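Let the hints inform the model, and build the full structure from the sequences given.
Protein chains in written order, with numbering that gives the first Met the number 0: chain A, 0 to 443; chain B, 0 to 306.
Everything labelled a hint here was simulated from the structure, so no lab data went into it.
Computed from a prediction, not measured in an experiment: that's the story for all the values here.
Check before you lean on any hint, since a few could be wrong.
Claimed, not checked - Partial list, computed: chain A residues near chain B (C-beta under 8 Å):
id, residue
1, G205
2, Q208
3, I259
4, S278
5, S405
6, A416
7, D417
8, G422
9, R440
What the hints assert, rightly or not - Over the 12 Å line for every Cβ pair with chain A, so calculated as not near, a few chain B residues:
id, residue
10, V145
11, G175
12, L246
Ideal placement from N, C-alpha and C gives every residue a C-beta, glycine not left out.
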Amino acid sequence: MTRSAIPFEPSRRDVLKGLSAGLAATALGGLSPAFAQADPYAGLKGEELELLIWDGGAFVDNMMARVQERWSAVGGGALKFRKVPFGDLDRAVRSANQGGIGPDVFLANAPNVITYKKLGLIEPVTDMFTKEDLEDFFPTVRLGSEIDGEFYGPSTNENGQALYYDRQLTERYGLKLPETLADAWTWDEWLRVFTEIQAAERKRRGNEQFFALYPNMGNTGLFFSGSYPRSAGEKGSDAWKMVSDDGLKSSGCLNSPEAIKGLQLIQDIHHRHGIAPVSTQKDMFYNDQVAFFCGVPLYLAPIRKARPDIDLATAPVPYIRTPIIHTGSFAWLVNRQTAKIGDAKLFLKFMGSPQGNDVVARGWTSPPIRKSMVADRPEFQTKPMALFIDSITEWSVPRPKVPGFSELDTMWSRLEADIVSGGDVKPLADDATRRIDAQLRRYG
Amino acid sequence: MDTTIAIRPVRLKPRLPALLEGWGPALVFLAPALVMLCLFKLWLIAEAVYTSTGTFDPGGQRIGNAGLDNFGFALSDSRFQWGLWLSLFAAVAKVPVQLALGLAAALMLRANTGGNAVVRAMVISPMFFGLPVTTFIFAYMFDANVGAVNAILSGIGLPRVAWLSTEAPAQMLVLGLSIWRDVGVTMLVFLAGLSAIPPQIANAAKLDGAGPFALFFTITLPLLARSFQFAVVLATLASFQILVPVLMLTKGGPTGATDLASFQIYETAFSYFDLGTASAMSLALLFGLIVIIALELRWLAVKWTYE
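Below, the structure written as C-alpha cells:
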C-alpha cells in the first residue's frame with residue numbers, strides 16, 4: 000500500500016482557508032513582541048519560591064496569602080516562607096547562603112540593600128522594569144534600591160512622615176497650624192506652639208505628665224531622629240549627608256558643627272524645653288498623653304481605633320534648616336545564588352507591579368510605591384493623609400546609603416539614647432563617629 | 000658450657016583497658032554528661048578559639064587569619080575594658096545580695112512559715128516566665144512617664160525617676176532584674192544544703208541552750224559551707240552572663256552605665272558581625288571567669304566532712 004503525500008485533493012476552499020491561516024500566523028508572528036509585552040510574566044516556569052520574611056504573625060500571613068492568590072493567577076508557583084524574628088532579619092539575610100543556597104527571595108530592610116550588594120548576595124533586577132516603571136516609582140523607592148545604575152528591587156510600600164494631632168485640641172487655644180509643606184514651620188516656630196500647648200493642657204488637666212510631642216525615638220533607629228542632624232545642614236552639606244560620599248566615614252559629617260546643633264535639639268526637646276517624654280512607649284498618643292505624634296501612615300488605623308472621637312489632622316514635621324524626612328520600607332530582593340533566578344526575578348517584577356504592590360501596600364495601610372497607584376487610594380488624596388504623599392514626593396530621602404547601614408543604625412540608636420539621657424552631645428558624637436568609622440572601614 | 004641468661008623484668012606500659020580498670024561503671028554513668036559537655040561546651044569553646052584567630056567579612060565569612068590580633072584589638076579597646084570592669088562590679092554587687100536573698104527564702108521555706116506561698120511565687124515565678132517576659136514587664140513598670148512605679152512614687156509625693164535613662168537607677172534595675180531571675184536557683188541550692196544538715200546537730204545545740212541566732216551562726220551557716228561555695232560559683236557565672244535585661248531595657252546605656260562585657264560580645268558578634276573579635280572577647284571573659292572562680296573555690300574550700 001502506498002501513501003500519497005497529500006491524502007486528499009485540496010479544494011479551492013481549502014486553499015483559501017490555508018492562505019487565511021497563513022496570513023493570520025504571519026500577522027501574529029509579526030505582532031509577537033506586542034504579545035510578549037501583553038504577558039509581562041512570559042518565561043515564568045511556575046516554580047516554587049522560598050521567601051525569607053520576618054514573622055509578623057497572622058497579619059503578614061494573611062497578606063502573603065493574598066499575594067499568593069494573585070501570583071498564582073499570573074502563573075506563579077507556590078510561595079514557601081522561611082520566617083525569622085524581625086530583629087534577626089538582617090542576620091538571616093547576611094548568612095542566608097552559608098551552609099548551602101538560601102531562600103530565593105529576601106524581604107529586607109531597604110537601607111540594607113547596599114550592604115547585601117556589597118556582600119554579593121543579591122542580583123540586580125533592572126531588566127525587569129521599564130524606564131516608565133522606574134519613573135513611576137516614588138523617588139525613594141528608586142533611589143533606595145539603585146546602586147551603581149542597577150536597580151535591586153521594589154519596596155513593599157512607601158511611608159512619608161507627618162505630625163498627627165487632634166484639631167479640637169489646637170482650636171481650643173486658637174492655634175492655626177500649617178497644613179501643607181509650603182507652609183511648613185521650622186523648629187523655632189514649632190517650639191513656641193509645643194511649649195504653649197503643653198503648659199496650657201497640663202494646667203487644664205492637672206497632669207504634669209502630658210507632653211506636646213512624641214517624637215518617636217528610642218526604637219526606630221534613625222528613621223525619625225536621624226532627620227534632626229540632617230535637617231540642620233543645607234542640602235548636600237556634610238551634616239545633611241550624615242556620611243561621606245563613599246559611605247565609609249561619618250566623622251566630619253555626623254559630628255560637624257551643624258549636625259551637632261541637630262543632635263543638641265534631640266536633647267533639648269527632652270530636657271531644656273521638656274516638650275517630649277523620654278518614654279519610648281508608642282501608645283502615648285493613642286492614650287491621649289501627648290498632643291502631637293510624629294508618625295507614618297501605618298499608625299492611622301491604631302489611632303482611629305484608640306481615639307475614634309478626635310478630629311484627626313496632620314501637619315508637616317518641623318525642620319531646622321532643610322526640610323527632610325526619611326522614607327522607604329522593606330524591599331524585595333533576589334538571592335544571587337538561587338537556582339530559580341528567572342522566576343525569582345519575575346516575582347520581583349510582580350511585586351513591583353500595581354497588581355502585586357497593591358496587596359502589600361494596602362495591607363500595611365501605607366501609600367503604594369508607584370505615583371500612578373495613588374489614584375486608586377482615595378484616602379491619600381484628601382486631608383489628613385494627603386500630606387504623607389506630599390512629604391514622600393517633595394521632602395523624602397533614603398536613609399544614608401552606607402554599606403554597613405545596620406552597624407550605623409545600631410550605633411545611632413546608642414548615640415540617640417545617650418543624648419536623650421542627658422550626656423554631653425559633642426563628646427558623644429565624636430566617640431560615635433570614631434566607632435562608626437571603625438565598623439565602616441571593614442567595607443572599604 | 001652453661002650459659003646463664005639474666006632476665007630482667009620488663010616493665011610493660013599499662014594498656015588502656017588496664018588504665019580504665021575500675022572506671023568502667025563510672026564512665027558508663029558519666030558518659031551522657033560527658034557527651035553533653037563535649038557537645039555543648041567544649042566543642043563550642045574550641046570553635047570560639049578557632050574563630051578568634053580569624054578575620055571575617057561583614058557577612059560572617061572567614062576571609063583570613065588574624066593570629067592573636069583580635070585579642071590585642073579587644074583588650075586594648077577602652078570600651079571593652081570598661082565592660083570587663085563593669086561586669087566585675089556587677090558580680091561584686093550581685094553575688095552577696097543574691098546569696099542573702101536566696102538563703103533568706105530557703106530558711107523561710109524550710110521553717111514552713113505562713114508566707115511560704117508568697118516566697119515561692121516571688122522567687123520561682125521568674126524562672127518559669129522566662130527572662131524576656133519578665134524584662135518586658137519591667138520595661139512598662141519602670142517607664143519614666145507611663146510606668147506604674149513612677150505613678151506610685153508620684154502618688155505619694157515623691158519625684159519621678161528616669162529609671163532607664165539615668166545611670167545609677169538603670170544599673171540598679173538591670174542588677175535587680177538579674178537577681179530576681181537567679182535568686183530561685185540560689186534558694187534551691189540552699190534548700191538542698193539545709194536538708195542535708197543532720198537534725199541531731201541542731202537538736203544537740205538546742206539542748207546546750209543555743210538560741211535561734213546562735214544556732215544559725217554557729218551551726219547552720221558553717222554547715223552550709225558547701226552549698227555556699229556552689230551558690231557563689233553559680234551566682235558569679237550568672238553575673239558575668241547578664242544579657243537580656245541590657246539588651247531589652249538599656250542597650251548598654253545610658254552613657255555606657257550598663258555596657259557589660261557580655262552585651263558587648265553580643266553586639267560585636269550579632270550587630271557588627273565581627274565574629275573574630277567577639278570570639279576573642281568571649282575567651283578573654285572566659286579566662287577571667289576561670290581565674291575568679293578558681294580563687295573563689297580556693298577561698299571557700301571546705302575542709303571538713305560528715306563522718
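*Which of the numbered hints are not met once you compare them with the structure shown?*
1, 3, 9, 10 and 12
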